[in-house]
Amino acid sequence: MLLINPSTYVAAFIFLLVMGFVFTGILESYSQAPQDASPAIAFFQYFAVPVMFMVPLLTMKCLAEERRTGTIETLFTAPVTTTEVVLGKFGAAYGLYMTLWIATGGFFYVLRRFSGDPHLLDLGPLLGGYLFIAVSGLLFIAIGVLASSFARNQAVAGILCFAMLFLLIFVGGYYLPDASWLNSDALHPLKTAVDYAQIFQHREDFTRGVVDTRQLLFYLSGTVLALIFSILSVEARHMHS
Amino acid sequence: MPAPLPPAIEVSRLVKSYAGMTAVDDISFTVARGEVLGFLGPNGAGKSTTMRILTGYLPATSGSVSICGYPVATQPDEIKRRVGYMPENNPLPGDMRVSEYLYFRGRLKEVHRRKLGPRLDEVLELCDLKRVRHSIIGRLSKGYRQRVGIAEAILAEPPVIIMDEPTIGLDPHQILIVRDLFAGLRGRMTVIISSHILAEIEVTCDRVLILNRGRVVAQGAPAALRREILGLTTYRLEIAGDAARLTALLVAFDPMLRVARQEEPDADGFRKVTLTTERAEELGEPLLRALLSQNLRVRALSRAQPTLEDLFLAATRRSWDTVDKK
Chain S
1 MLLINPSTYV AAFIFLLVMG FVFTGILESY SQAPQDASPA IAFFQYFAVP VMFMVPLLTM
61 KCLAEERRTG TIETLFTAPV TTTEVVLGKF GAAYGLYMTL WIATGGFFYV LRRFSGDPHL
121 LDLGPLLGGY LFIAVSGLLF IAIGVLASSF ARNQAVAGIL CFAMLFLLIF VGGYYLPDAS
181 WLNSDALHPL KTAVDYAQIF QHREDFTRGV VDTRQLLFYL SGTVLALIFS ILSVEARHMH
241 S
Chain Z
1 MPAPLPPAIE VSRLVKSYAG MTAVDDISFT VARGEVLGFL GPNGAGKSTT MRILTGYLPA
61 TSGSVSICGY PVATQPDEIK RRVGYMPENN PLPGDMRVSE YLYFRGRLKE VHRRKLGPRL
121 DEVLELCDLK RVRHSIIGRL SKGYRQRVGI AEAILAEPPV IIMDEPTIGL DPHQILIVRD
181 LFAGLRGRMT VIISSHILAE IEVTCDRVLI LNRGRVVAQG APAALRREIL GLTTYRLEIA
241 GDAARLTALL VAFDPMLRVA RQEEPDADGF RKVTLTTERA EELGEPLLRA LLSQNLRVRA
301 LSRAQPTLED LFLAATRRSW DTVDKK
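Line by line, the protein sequences give chains S and Z.
So the first sequence is residues 1 to 241, counted in the working numbering.
So the second sequence is residues 1 to 326, counted in the working numbering.
Just so you know, these hints were derived from the structure itself, not from any lab.
Among these hints, one or two may not hold up.
[As the list claims (entries may be wrong)] Examples of chain Z residues toward chain S, derived with CB under 7 Å:
{"hint": "1", "residue": "Y57"}
{"hint": "2", "residue": "Y85"}
{"hint": "3", "residue": "E110"}
{"hint": "4", "residue": "E238"}
C-beta: ideal position from N, C-alpha, C; glycine also.
Full structure from sequences and hints, please.
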């Protein structure tokens with residue numbers, strides 16, 4: 001369904017267009033003044049922008065649309081389990097998400113080909129950056145699938161997904177770590193949790209080559225949890241419908 | 001001697017209640033292999049709910065359902081392999097092509113890749129879909145979409161097929177095609193169809209189950225049901241002459257014959273009279289002789305076949321009466 005639908009290609013085009021502009025923007029700033037970080041590091045700093053838009057676009061339809069058109073009924077009367085359906089939807093969306101990100105690798109190839117300067121293309125941060133995208137993508141897509149399992153309307157699913165990602169990435173990553181009210185002893189467990197969920201910090205570590213198993217575990221366990229909730233949500237809905 | 005095969009569908013004391021409302025209330029029935037059963041009932045009678053429980057899509061509140069000997073509650077996977085289901089309103093993905101959709105569904109239903117190609121051609125042929133196999137489903141007319149749904153249901157050659165209102169929204173010509181399709185399936189597959197189009201059920205089904213307010217109010221072959229529920233035979237007369245003489249004649253002719261309704265005479269002096277009797281045998285000819293011997297002018301005499309419609313109304317009214325008495 002994902003590959004048949006024209007909206008997928010529109011989303012892919014827009015994604016590559018936006019990322020292309022980001023990349024040219026970075027290169028322009030390099031041409032004007034020397035910078036400390038390699039272009040790869042700068043490029044992945046902008047990961048949150050496409051994530052916030054692409055993930056809802058890719059995942060909002062997956063379960064909500066089935067429910068709205070009623071095809072969920074034919075789907076679940078075929079010999080498949082809910083787990084298989086949810087994992088299938090997740091896998092498809094994740095596959096497409098990663099394909100799009102891998103396509104941005106072409107930017108770096110073009111840069112290397114035409115600049116002829118190997119210093120501009122630092123392989124370490126590049127691989128670290130893509131590894132971060134791959135691992136965090138699991139969690140983001142799982143959140144999208146979860147949002148889609150809640151709603152019947154795909155716009156609602158998309159907005160819900162956007163809101164959840166916004167909370168996770170920006171509120172968790174920017175505001176809460178600095179919030180002083182979290183420093184009291186009573187809220188200590190919460191503070192620890194917030195400290196783990198600093199996605200911008202994770203990205204920095206990954207691009208620097210520090211792959212911490214705690215961070216991997218954070219994404220993997222988050223993914224598993226979101227998928228389990230999606231399965232439960234789908235099952236609960238058709239039991240009580 | 002091998003053990004006899006279990007019936008295709010066995011439902012006993014099935015109850016389904018939603019929050020505060022009972023949709024299906026203690027339904028029991030069995031369907032033999034190869035039988036075509038029709039569910040008949042007004043909207044909200046519990047037809048769709050019963051079908052959804054049969055397919056394993058909805059869990060039942062209590063009671064048991066088994067298909068080909070497998071209980072639905074504990075072995076949903078076995079059930080899903082044995083049932084082809086077309087839901088109400090026939091949901092289809094609008095942006096896939098017919099052949100793509102059927103291929104996808106076939107793979108989902110565990111039809112082997114090598115067998116699927118020939119089977120697909122066979123089903124497309126059977127449902128007369130060859131011309132549109134590469135069309136996008138969303139652009140097809142309702143009749144085609146309905147046939148895509150039917151093709152999908154019979155694709156994996158399941159022993160049991162359940163279709164919720166398969167002929168709704170079709171024009172008479174398309175209904176005929178769909179009806180022929182069912183006739184072709186008869187004997188090979190067990191089929192349950194629901195409808196509130198009565199003529200439809202009458203032609204296609206071996207047996208009818210009339211549901212109302214979640215209960216089975218009548219079941220049997222359409223002809224047997226007629227006798228059982230209506231019990232009366234109706235004659236329609238168009239007659240001119242003295243009304244008093246007619247009444248006297250009827251009493252003399254057969255005391256069981258009653259005048260159910262009498263209309264005012266029209267411009268030519270003819271009245272329409274409806275007579276009912278509990279006798280099953282044909283009274284037309286002797287009645288006509290008796291009327292003519294009394295010099296009553298008869299323009300028309302016919303024995304009215306009670307339609308399934310009358311039957312349906314009578315059966316559902318009967319169940320309302322019983323419900324109200326409680």
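Now for the hints, and whether the structure bears them out:
no.: 1; hint: Y57; in the structure: 5 Å, holds
no.: 2; hint: Y85; in the structure: 5 Å, holds
no.: 3; hint: E110; in the structure: 6 Å, holds
no.: 4; hint: E238; in the structure: 51 Å, violated
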